[in-house]
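**Q** Take a look at the letters that make up each chain.
Number of protein chains: 2
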Amino acid sequence: MADPLVLFMPSGKRGRFPAGTPVLEAARQLGVYVESVCGGRGICGRCQVEVQAGQFAKHGITSAADHLSPVGPKEQRYAEKRDLKPGRRLSCSATVEGDVVIDIPLDVQINAQIIRKAADTRVFERKPAVQLCYVEVEEPDMHKPLGDLDRLKDAIERDWGFSNILVDQHLFPQVQKILRQGEWAVTAAIHKDSDTGQPSLIALWPGLHNEAYGLACDIGSTTIALHLVSLLSGRVIASAGASNPQIRFGEDLMSRVSYVMMNPEGREAMTAAVRKAVDDLIGDVCGETGVHRNDILDAVFVGNPIMHHLFLGIDPTELGGAPFALAVSGAVHSWGGQLDLETNEGCRVYMIPCIAGHVGADAAAATLAEGPHRQDEMMLLVDVGTNAEIVLGNSERVVAASSPTGPAFEGAEISSGQRAAPGAIERVRIDPETLEPRFKIIGTELWSNEEGFARAATATGITGICGSGIIEVVAEMFLAGIISTDGVVDGSLAARSPRITATGRTFSYVLHDGDPLITVTQNDVRAIQLAKAALYAGIKLLMDKLGIDHVDRIRFAGAFGSFIDPKYAMVLGLIPDCELANVSAVGNAAGTGARMALVNRDYRREIEGTVRAIEKIETALEAKFQDHFVAAMALPNKIDPFPQLANAVKLPERKTLGGAEDAGDGAGRRRGGGRRERARP
Amino acid sequence: MADPLVLFMPSGKRGRFPAGTPVLEAARQLGVYVESVCGGRGICGRCQVEVQAGQFAKHGITSAADHLSPVGPKEQRYAEKRDLKPGRRLSCSATVEGDVVIDIPLDVQINAQIIRKAADTRVFERKPAVQLCYVEVEEPDMHKPLGDLDRLKDAIERDWGFSNILVDQHLFPQVQKILRQGEWAVTAAIHKDSDTGQPSLIALWPGLHNEAYGLACDIGSTTIALHLVSLLSGRVIASAGASNPQIRFGEDLMSRVSYVMMNPEGREAMTAAVRKAVDDLIGDVCGETGVHRNDILDAVFVGNPIMHHLFLGIDPTELGGAPFALAVSGAVHSWGGQLDLETNEGCRVYMIPCIAGHVGADAAAATLAEGPHRQDEMMLLVDVGTNAEIVLGNSERVVAASSPTGPAFEGAEISSGQRAAPGAIERVRIDPETLEPRFKIIGTELWSNEEGFARAATATGITGICGSGIIEVVAEMFLAGIISTDGVVDGSLAARSPRITATGRTFSYVLHDGDPLITVTQNDVRAIQLAKAALYAGIKLLMDKLGIDHVDRIRFAGAFGSFIDPKYAMVLGLIPDCELANVSAVGNAAGTGARMALVNRDYRREIEGTVRAIEKIETALEAKFQDHFVAAMALPNKIDPFPQLANAVKLPERKTLGGAEDAGDGAGRRRGGGRRERARP
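Quick mapping for you: the protein sequence lines, in order, are chains W and P. Counting in full-length UniProt numbering, the first sequence runs from 1 upward without gaps. Counting in full-length UniProt numbering, the second sequence runs from 1 upward without gaps.
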């Protein structure tokens with residue numbers, strides 16, 4: 001008779017094992033990651049599994065709870081002392097006795113701390129670089145005078161299979177005391193970054209220590225977002241965000257590089273500022289959850305190249321001019337202490353690789369999260385900022401570039417533009433008949449034409465237009481026929497509506513006739529055209545490279561993408577034509593990618609390999625950029641059709657009112673200015 | 001026709017290579033280590049070799065200078081700019097054109113610093129853990145936006161074969177500047193401790209950097225000895241020694257452990273003291289030679305277990321009592337900076353493993369240097385101190401133990417004993433007829449009965465008896481019949497000589513009738529008997545373990561061994577019978593072992609494996625120790641014959657005068673006192 005068949009879900013891995021094999025052992029042999037801190041002694045409770053009972057015809061398995069061994073004394077003891085939910089088994093104790101389907105519950109969470117709902121609740125298969133290993137160590141013996149640390153290493157090798165272990169310096173003076181405190185039972189934290197890497201002993205506690213945490217952090221130019229993650233469950237325990245304090249040295253990236261170039265102490269000051277901000281966030285998430293800083297054992301950081309470099313203490317000056325040379329593009333391994341973070345002394349830091357001088361570790365992390373390289377459909381991943389980072393591809397081939405959009409999308413360079421803050425207009429609709437607008441501001445859910453809006457708005461006032469508002473108002477102006485295909489405000493409409501007003505030789509649209517007066521000027525429209533043309537031209541270069549004329553899916557990463565309506569982005573021609581249902585915002589995908597690399601070290605190898613394979617396009621060096629740019633100045637585009645958009649939205653007839661030449665000039669000026677200047681107003 | 005045959009000396013490795021193969025390449029393929037910093041560009045001059053011309057019938061080779069290619073332009077250029085001695089070739093440029101015998105000169109020393117004659121001029125085959133690698137790095141390219149560091153790593157892998165390189169943190173902020181200073185040519189220092197280990201980039205210089213140094217240091221309880229070694233030639237450049245400043249916390253090891261136990265800050269103070277002393281010595285050797293601290297890239301430290309632990313910042317309290325548990329016995333990898341040494345920021349530290357709680361890394365290093373495990377003859381290696389460290393064995397099997405000799409051999413516990421210092425009696429002869437002595441003191445080469453001695457001695461006075469003096473005087477008293485086989489001073493001789501005087505119930509021998517009066521009392525003889533019996537009993541236990549009744553060679557390591565006359569040591573029965581020609585002092589063998597591990601990382605693996613294989617005997621646990629001890633109280637021994645000694649020295653007839661029981665009691669007291677106490681007076 002054949003050995004029992006065991007199928008693990010959700011991985012689907014399966015194999016036959018002799019009756020009596022512990023479920024944990026079967027999982028290990030199949031490469032299914034089941035956490036266990038105590039090494040099968042039935043005391044940590046981390047290895048819980050559930051039987052899925054029933055007929056699994058597809059697999060030829062009839063599974064039942066009693067196809068595992070009856071609950072034994074170890075499990076009984078654990079269930080009495082702790083809280084073992086009905087149906088849960090300890091896989092170290094339960095043995096295989098018949099065909100069975102085993103579910104690895106991804107939510108196993110012992111001694112649960114306060115769990116805050118995180119923005120993204122995706123849970124990933126765990127294979128962390130840091131593992132807790134409970135061991136019982138032989139006592140010293142004069143006949144075998146091996147050192148305490150050496151016997152500890154032997155025990156770890158015997159029970160956990162880690163050989164040739166390196167030991168962190170800070171542990172040497174502590175080992176003897178901890179072993180004696182724990183009466184020769186201790187929990188060791190072993191860091192092993194890759195399957196072939198050398199393991200390191202990084203932390204040690206007396207007795208059973210059942211808590212291990214990690215940090216996933218995205219250092220943005222504007223915002224730093226940090227997640228505290230349980231390495232034992234993979235769950236986000238708390239998240240926190242803060243403004244990047246480097247803003248006081250310069251609003252955008254290039255002004256911070258300039259600050260470093262002009263101030264000898266500038267680099268150090270900015271490095272210290274960002275490290276302190278991250279450390280403060282660690283304090284926040286620890287304070288909120290009661291997690292000890294000392295239990296933080298691993299961390300993954302991502303950021304754009306300049307943030308990446310400044311965080312590591314590297315002068316970013318080289319990134320300020322051609323050839324935009326990164327000091328380091330590959331993955332970086334460091335220590336929390338080396339980066340001035342108060343964590344466990346042995347805490348490791350991993351930084352995801354950067355793709356290119358303007359396509360950072362954040363873009364790489366977003367790529368890891370969204371996985372264009374893991375699927376056959378052609379995916380476009382865009383992170384819009386002062387420089388847009390663009391990744392395009394599928395499982396066969398991935399290309400990437402950055403494009404100098406400038407700060408218009410963030411409300412800068414716009415006459416009534418402002419940061420997204422209460423009082424800022426974020427949604428706009430224009431009646432094509434009357435040309436009358438209605439809008440929403442941040443701070444109330446009411447439209448401006450709804451009852452109670454005026455009262456609701458008194459709290460904040462109506463103060464300007466934020467990034468998503470500017471996209472919508474320009475798109476709605478286009479859909480309402482106020483601006484032409486080539487982006488010119490139609491002055492002839494002044495006869496139909498008082499909202500069209502002359503400003504010197506050009507015309508503006510009055511969005512809110514209050515104090516302050518909020519208008520969209522011809523220059524504002526031009527600024528948006530230049531920004532969106534730069535983005536689209538970059539995307540087109542990548543499409544050229546792959547020889548494709550359409551994409552299957554579009555993902556907006558980052559804060560900007562979370563607030564804009566994909567439809568309006570497409571109406572303006574920021575992005576190529578695509579089925580609207582397949583266009584979505586994915587929030588802080590970079591942070592998600594960092595979490596993935598934190599909870600599963602295989603993702604580190606995946607993104608390292610992907611980044612190596614990604615073909616990098618330097619837009620500034622591509623002759624066709626200019627042509628694409630000029631065509632993209634038109635709304636949505638002078639050349640490219642938008643058939644799927646046209647199915648969803650009634651696009652106006654093409655009309656041109658002249659001025660495209662101006663746009664072309666603007667583009668020429670912008671390109672000629674070089675990268676260091678292009679981010680400046 | 002067969003390819004040319006190439007034989008490398010002194011290794012004797014040989015192989016056939018196609019004509020045109022560079023000699024350096026042939027050496028690499030055969031595993032012959034030839035240094036090269038510039039990677040075959042003919043600029044560093046480190047890869048020099050010589051042709052041995054002539055008939056080598058045994059190897060079937062007729063070798064001649066012109067069996068290498070003629071001197072090419074690279075060598076010509078080097079010879080003109082630098083100093084290439086006649087007959088020397090650059091093995092990167094010279095190619096094999098016919099059968100040839102190649103000598104790797106071990107003295108290759110470019111840009112030679114001042115070379116001080118070291119105590120030990122042995123030169124070892126080099127294979128250092130740190131290697132200098134000159135590389136030319138691709139300039140940044142917008143089309144291939146790999147980071148500067150990543151291109152550097154690629155270049156190192158391409159030219160030097162190191163893959164998957166880790167990078168020291170401190171280099172991240174420096175890489176870009178150094179690459180640009182060197183105009184994309186740099187010298188990288190790569191640390192790789194083992195053939196399978198992961199290489200690390202630890203230092204980087206612009207252009208060609210042709211200097212790399214290491215430290216080999218033996219931290220003794222009394223003295224710290226440090227060698228500065230060129231990693232590129234393997235030669236000792238300078239040596240320095242200093243008293244261990246921990247002496248102010250306690251004269252011997254156990255009183256230092258007591259100090260730690262009684263003073264909360266004691267451990268830190270002693271760690272700081274020894275680290276500062278080492279750092280000061282580094283300053284001394286650098287100052288003397290003009291070597292920059294920044295060029296020190298590797299270091300090997302050895303010491304007894306308590307020094308080893310204190311240097312690493314580990315509390316040695318556990319070593320003060322049974323079971324004498326070492327915190328760490330295996331090899332330790334650390335960094336210079338972590339140990340408060342001012343060296344290159346990337347400087348690595350390696351500590352040779354300890355054998356047991358009382359047999360330290362110093363004994364392991366001495367084992368490495370003398371190599372009992374590398375030969376078939378049975379070698380006894382003894383390092384006499386407060387605890388004697390004893391290693392015995394051959395290529396088949398090695399055993400080790402420590403034995404509690406106490407401080408008598410160092411002149412303590414002796415009524416007229418003193419440290420070895422000017423004025424101390426160090427050599428003694430006694431006329432067996434007249435019982436009149438003559439002696440030498442430290443500070444003059446004259447014997448006390450020679451003309452001019454009195455004048456020479458006025459500078460220092462005649463102040464006492466040092467360790468080697470006490471060995472000689474007791475041995476000479478035995479040879480002259482003044483003391484019996486069982487160590488009793490023969491009072492009946494008082495009738496023959498006024499030098500035999502009564503002191504209460506026992507008798508003394510007047511060695512110097514001056515001020516101070518220097519006598520050897522019955523208690524002094526007893527103290528020496530106890531010490532030597534402990535040493536001999538330890539040796540006998542190891543001989544029992546191996547089932548042998550004699551040894552082929554005896555090596556005394558350490559300062560004590562350097563000053564005593566092996567003949568007298570054997571007359572007293574400190575050591576077993578052995579041909580006198582095969583007994584020798586080997587000086588600071590521990591320091592030599594440290595140097596070996598520094599210049600050739602294979603020696604690290606060798607001693608790690610040897611230490612693992614050494615069988616450790618805890619003398620306190622062996623029932624037969626007491627029997628051996630009692631027998632060894634006799635001179636030279638109650639049971640064991642000394643036939644080879646008898647061939648060289650006329651031993652007196654055995655006579656006993658009683659008192660052996662006393663000796664037995666003394667031994668019993670000593671053993672019962674436990675290890676912590678046995679080192680105290």
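Just so you know, these hints were derived from the structure itself, not from any lab. Honestly, I wouldn't trust all of these hints.
Same chains, same names: a pair is fine if it fits in one copy or spans any two.
Dumping the calculated DSSO-like pairs for lysine-lysine here, alpha-carbon to alpha-carbon at most 30 angstroms [to be verified]:
| id | residue 1 | residue 2 |
| --- | --- | --- |
| 1 | Lys616 | Lys177 |
| 2 | Lys127 | Lys192 |
| 3 | Lys545 | Lys13 |
| 4 | Lys638 | Lys545 |
| 5 | Lys85 | Lys616 |
| 6 | Lys276 | Lys177 |
| 7 | Lys13 | Lys616 |
| 8 | Lys545 | Lys85 |
| 9 | Lys192 | Lys650 |
| 10 | Lys545 | Lys144 |
| 11 | Lys85 | Lys127 |
| 12 | Lys276 | Lys624 |
Bear in mind the structure is a predicted one, so any value in this text is a computation, not a measurement.
**Q** Run every hint past the structure and note whether it holds.
**A** Each hint tested on the structure:
1. Lys616 with Lys177: between (53 angstroms within a copy, 25 angstroms between copies)
2. Lys127 with Lys192: both (10 angstroms within a copy, 28 angstroms between copies)
3. Lys545 with Lys13: Cα proximity of Lys545 and Lys13: none, with 38 angstroms in one copy and 55 angstroms across.
4. Lys638 with Lys545: Classified as within; 20 angstroms inside a copy, 94 angstroms across copies.
5. Lys85 with Lys616: neither (51 angstroms within a copy, 52 angstroms between copies)
6. Lys276 with Lys177: between (33 angstroms within a copy, 26 angstroms between copies)
7. Lys13 with Lys616: neither (36 angstroms within a copy, 49 angstroms between copies)
8. Lys545 with Lys85: neither (54 angstroms within a copy, 59 angstroms between copies)
9. Lys192 with Lys650: Neither. Shortest intra-copy (56 angstroms) and inter-copy (67 angstroms) distances fail the 30 angstroms Cα cut-off.
10. Lys545 with Lys144: So Lys545 and Lys144 pass the 30 angstroms test across copies only (15 angstroms; inside, 66 angstroms).
11. Lys85 with Lys127: within (24 angstroms within a copy, 59 angstroms between copies)
12. Lys276 with Lys624: neither (44 angstroms within a copy, 65 angstroms between copies)
Taken one by one, the earlier hints fail for this structure at numbers 3, 5, 7, 8, 9, 12, listed in ascending order.
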